[in-house]
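Asker: Protein sequences appear in the order of chains S and L.
Mapping of the first sequence onto numbering that gives the first Met the number 0: position 50 corresponds to residue 49, and the numbering continues sequentially without gaps.
Mapping of the second sequence onto numbering that gives the first Met the number 0: position 236 corresponds to residue 235, and the numbering continues sequentially without gaps.
Keep in mind the hints are simulated off the structure, nothing from the lab.
One or more of the hints may lead you astray.
[Unchecked claim] Listed next, with one range per pair, are the computed distances between beta-carbon atoms: (1) S:Leu96 x L:Ala227: 52 to 62 Å; (2) S:Gly85 x L:Arg362: 50 to 60 Å; (3) L:Ala197 x S:Pro81: 19 to 29 Å; (4) L:Trp317 x S:Trp55: 17 to 27 Å; (5) L:Leu343 x S:Leu89: 35 to 45 Å; (6) S:Leu89 x L:Ala197: 52 to 62 Å; (7) S:Glu165 x L:His16: 29 to 39 Å; (8) L:Pro231 x S:Pro81: 49 to 59 Å; (9) S:Gly9 x L:Gln356: 42 to 52 Å.
[Stated by the list, open to error] Computed list of chain S residues with no C-beta within reach of chain L, every gap over 10 Å: (10) Arg19; (11) Ala20; (12) Glu23; (13) Pro36; (14) Arg87; (15) Gly114; (16) Asp126; (17) Ala151; (18) Lys159.
No residue lacks a Cβ here, since even glycine has one placed at the ideal position from N, Cα and C.
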Amino acid sequence: MSEFLLAEFGSKQKATAAARAAAEAGHAPRDVLSPSPIEGITDWIAPPQANSPIGWVMFIAGAAGAVIGYLMQWYSSVFAYPTDSGGRPLNSWPDFLLVPYELAILSAAIVGILGWMWMCGLPKLNDPLFAADITGRAVQDRILLVFPPKAADWVRDHLKPIAWHEVRE
Amino acid sequence: MSAAEGAQERWIGPEIHSLEDINARVSAPILAPSHTWRWWVALAVSGSLTIVMIVTVTWLFAHGIGIFGNNTTIVWGFPIANYVWWLGIGHAGTLISALLLLTRQKWRASLNRFAEAMTLFAVTLAGLMPIFHLGRPYYVYWIVPYPNVQGVWPQWRSALVWDFWAVGTYITFSILFWYAGLIPDLAMLRERARSRTARRLYGAFALGWRGSARHWEIHDRFYRYMAALAVPLVVSVHSIVSLDFAASLEPGWSDTIYPPYFVVGALYSGFAMVVVIAAVLRWACPFKPFVTVRHFEMIAKVLLMASIIMGVSYATEWFWSWYSGNRSERHLVVFLFTGPYAPLYYCQLLFNVVVPQALWSGRVRRSIPAVVIIAIIINVGMWLERILIVWATLSRDYLPSSWRIFLPTVWDWLLLFGSLGAFMFMFMIFVRLIPALPAHELRRRWLEENAA
Chain S
0 MSEFLLAEFG
10 SKQKATAAAR
20 AAAEAGHAPR
30 DVLSPSPIEG
40 ITDWIAPPQA
50 NSPIGWVMFI
60 AGAAGAVIGY
70 LMQWYSSVFA
80 YPTDSGGRPL
90 NSWPDFLLVP
100 YELAILSAAI
110 VGILGWMWMC
120 GLPKLNDPLF
130 AADITGRAVQ
140 DRILLVFPPK
150 AADWVRDHLK
160 PIAWHEVRE
Chain L
0 MSAAEGAQER
10 WIGPEIHSLE
20 DINARVSAPI
30 LAPSHTWRWW
40 VALAVSGSLT
50 IVMIVTVTWL
60 FAHGIGIFGN
70 NTTIVWGFPI
80 ANYVWWLGIG
90 HAGTLISALL
100 LLTRQKWRAS
110 LNRFAEAMTL
120 FAVTLAGLMP
130 IFHLGRPYYV
140 YWIVPYPNVQ
150 GVWPQWRSAL
160 VWDFWAVGTY
170 ITFSILFWYA
180 GLIPDLAMLR
190 ERARSRTARR
200 LYGAFALGWR
210 GSARHWEIHD
220 RFYRYMAALA
230 VPLVVSVHSI
240 VSLDFAASLE
250 PGWSDTIYPP
260 YFVVGALYSG
270 FAMVVVIAAV
280 LRWACPFKPF
290 VTVRHFEMIA
300 KVLLMASIIM
310 GVSYATEWFW
320 SWYSGNRSER
330 HLVVFLFTGP
340 YAPLYYCQLL
350 FNVVVPQALW
360 SGRVRRSIPA
370 VVIIAIIINV
380 GMWLERILIV
390 WATLSRDYLP
400 SSWRIFLPTV
410 WDWLLLFGSL
420 GAFMFMFMIF
430 VRLIPALPAH
440 ELRRRWLEEN
450 AA
C-alpha cells in the first residue's frame, strides 16, 4: 500500500483549484510542495496550518537580549569592575543603550532562525517524501499535492493532474 | 492591469519561457560554467593580491604599525579609512535585501543574493582592519566580555567597544539572513548537482528543504521579520562607526551630523559597488534576463539621490564650522580647501557630488558602461572622503605645534589593494559554489509576471 499519493501540477492556478476542490469534498491534501510559495494554498490543507508564533518568539528573544545586555553592563561597571571615567556616573545609562540595541537584534535573529527550524521540523534529511523522484522537481518547477492513502480513490476519480506518483516506504 | 502597466512591472526578460529556464541559468555558473579561463584569470589575479595582503599583514605583525605612514600626530591612517569604507560597502547588501523587501520593490529579486554576499565579504574585511591597526593585535579578545581570572571587564563607554558589538552583530545577522534566503536554492542544487559529494553537501546545508507549503508560510513570515530587524540594524551600524569620530572632541569630528552622514555615505558606496558587481556578473554569467538595464537605471536613481544628500552634508559641515565661530573648526575647512590635501578634497567633491549629476540624464542612466564608470568614480571618491576625514582633522587639531601631514608608505597601498584582491577572490569562489541570484524569488517573480 502506498504511503502517499502525489498529484503533479505545472501551474499554481491549477494546483490551487485542485487543492480547493479536494478540500471541499473532504479529501484535503496534507501538504503542498512547490518551487516558490503559493499564496493562500494553505487554506486548503489538512490539518489546517496554525498561525505561527514566530513573530512573538523573535520579539521576546529580542527583549530578553536587550535586558541581558543592559544588566551585563550595569553589573560589570557598578559592581564587578567599577571605573571612574571622567567623573561620569558608574551606571552611565545613555552610553549603555547601544549594546542592548545590538543584542536585541542579534538574539531575535538567532532565536528566530532556530525557531523557524524547530517549527518546520528541520533539519530533516530523511523525509519519506524523498522516496519519490518527483519530490526533487518540487524544489525546481513542479507543484505536488500530497494526499493521504484514504483520499486516493476520490482524488484519482476527480482531479486531473499531469501525473500521479505513489510514495512507498 | 493594462498591457502598458504589465510591461512596466516586468523585471525578467522575455528570453525566459519556463521555470526550468530560470533554474538552468541561475545554476549555470556552478554546474555548467562557460568561459572558465576568464574565471581562472580572475581567480589568479585576485589570489595574487590576496597573497599580497597576507604578506603585508605578516610584515605588519612582525614589525608593528610603524610600517604604515602613521606618525605621532596622525595616529589613524589607512586601516581606519579602509575600515569605514569597507563597512560602508557592506551596507548596501542587507539594505537592498531588507528595505526593498519591506517596500515590496520588485527589482530586488535580481540583486539581493550577490549584494548580500558582497556585504559578508566587505564586512569581514572591514572587521579585520581595526585589528590590524591595533599595536598589539593579539590582545583583541580583550574587547569581548569573557570570564577571566583578573576580573577585568570592557569599558562600555568606549566607542571602540560599541564598534565590536555593532560589527559583530551585523556580520552574524547578515550571515543568518543570507542563509535563510539561500536554503530553497541549496535544495535546488541538491537535486541538480551531479557529483555525489556535491549532492550531499548541498543536501546537508539545505536541511531537507522540500518546498512544503507549511514551511514556506513560516519562512516567508520569518524572512519578513528579519528584514524588519535588518533596517534599524543597518542604520545603527554605521551610526556607531561614526561615533568613533563624533564622540571625540576633535575639530571636524565632533558633529551631530555624523551618524546620518555616515549612513548615507555607506549606502552610497555600497550601491556603487553593487553596480560594478552586477555588471561583471551580467557579463560573465547568463544573467542578462534577470539583471536588466532597468535594474541599472533604478540603482542610478538611488545613486543620484545619495549624491545630492552627500553634497548637502558637505555644505552643512562647512556652514556649521563657520557658524560655530570656533577657530579650529573654521581653520579646518580652510585647510581642506587650501592645504596640501586640497587636490584630494577637490577630487572628493568632484567624484561624489559633481560627476554623479550626469545621472539626471535618462540616456546616461540607461547606459550600463556609463553607470559602471560613474559607480567606480563614486567608490574612489568615497574612499577619498574616508581618508580625508581621518587625515584632515588629525593634521590640524587644536595644537599648532603638533601639526603634521600624513605620507603613506608602500605598505599602506599594499594593504588597500590587497584587501580589494581578497574581496574579489572571495567573490570568485562564491559565484562557483552558491547561486548568485535567488532562483526561488525569481521563480515567484516570473510566475507573477506571467500569470495570464
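Asker: If a hint holds in the structure, say so; if it does not, say that too.
Answerer: Status of the hints after comparison with the structure:
1. At about 20 Å, the CB distance of S:Leu96 to L:Ala227 disagrees with the hint of 52 to 62 Å.
2. Taken as a hint, the range 50 to 60 Å holds for the pair S:Gly85 and L:Arg362, whose Cβ atoms sit roughly 57 Å apart.
3. The hinted window of 19 to 29 Å between L:Ala197 and S:Pro81 is violated, with their beta carbons roughly 56 Å apart.
4. Taking the beta carbon of each, L:Trp317 and S:Trp55 are about 49 Å apart, not inside 17 to 27 Å as hinted.
5. For L:Leu343 and S:Leu89, the hinted distance range of 35 to 45 Å is satisfied, since their beta carbons lie about 44 Å from each other.
6. Checked against the hint of 52 to 62 Å, the pair S:Leu89 and L:Ala197 passes, with Cβ atoms roughly 56 Å apart.
7. Against the hinted window of 29 to 39 Å, the Cβ-Cβ separation of S:Glu165 and L:His16 comes to about 31 Å, which satisfies the hint.
8. At about 32 Å, the beta-carbon gap between L:Pro231 and S:Pro81 misses the expected band of 49 to 59 Å.
9. Our hint of 42 to 52 Å for S:Gly9 and L:Gln356 holds, since their Cβ atoms are close to 49 Å apart.
10. Look at S:Arg19: its CB is around 13 Å from the nearest CB on chain L, clear of 10 Å, so calling it non-interface holds up.
11. Every beta carbon of chain L lies more than 10 Å from that of S:Ala20, the smallest distance being close to 16 Å; the non-interface claim holds.
12. With a cut of 10 Å on Cβ distances, S:Glu23 stays outside the contact zone with chain L, its closest approach being about 17 Å.
13. Here S:Pro36 does not stay apart from chain L, with its beta-carbon only about 4 Å from theirs, under the 10 Å limit.
14. Against chain L, the non-interface label of S:Arg87 is violated: not every CB pair exceeds 10 Å, the least being about 7 Å.
15. Residue placement check: S:Gly114 does not keep its beta carbon more than 10 Å from all beta carbons of chain L (closest about 8 Å).
16. Look at S:Asp126: its CB is around 6 Å from the nearest CB on chain L, not clear of 10 Å, so calling it non-interface is violated.
17. Taking the minimum C-beta to C-beta distance to chain L, about 20 Å, the non-interface status of S:Ala151 holds against the 10 Å cut.
18. At roughly 21 Å, the least C-beta separation between S:Lys159 and chain L is larger than 10 Å, which holds for a residue marked as non-interface.
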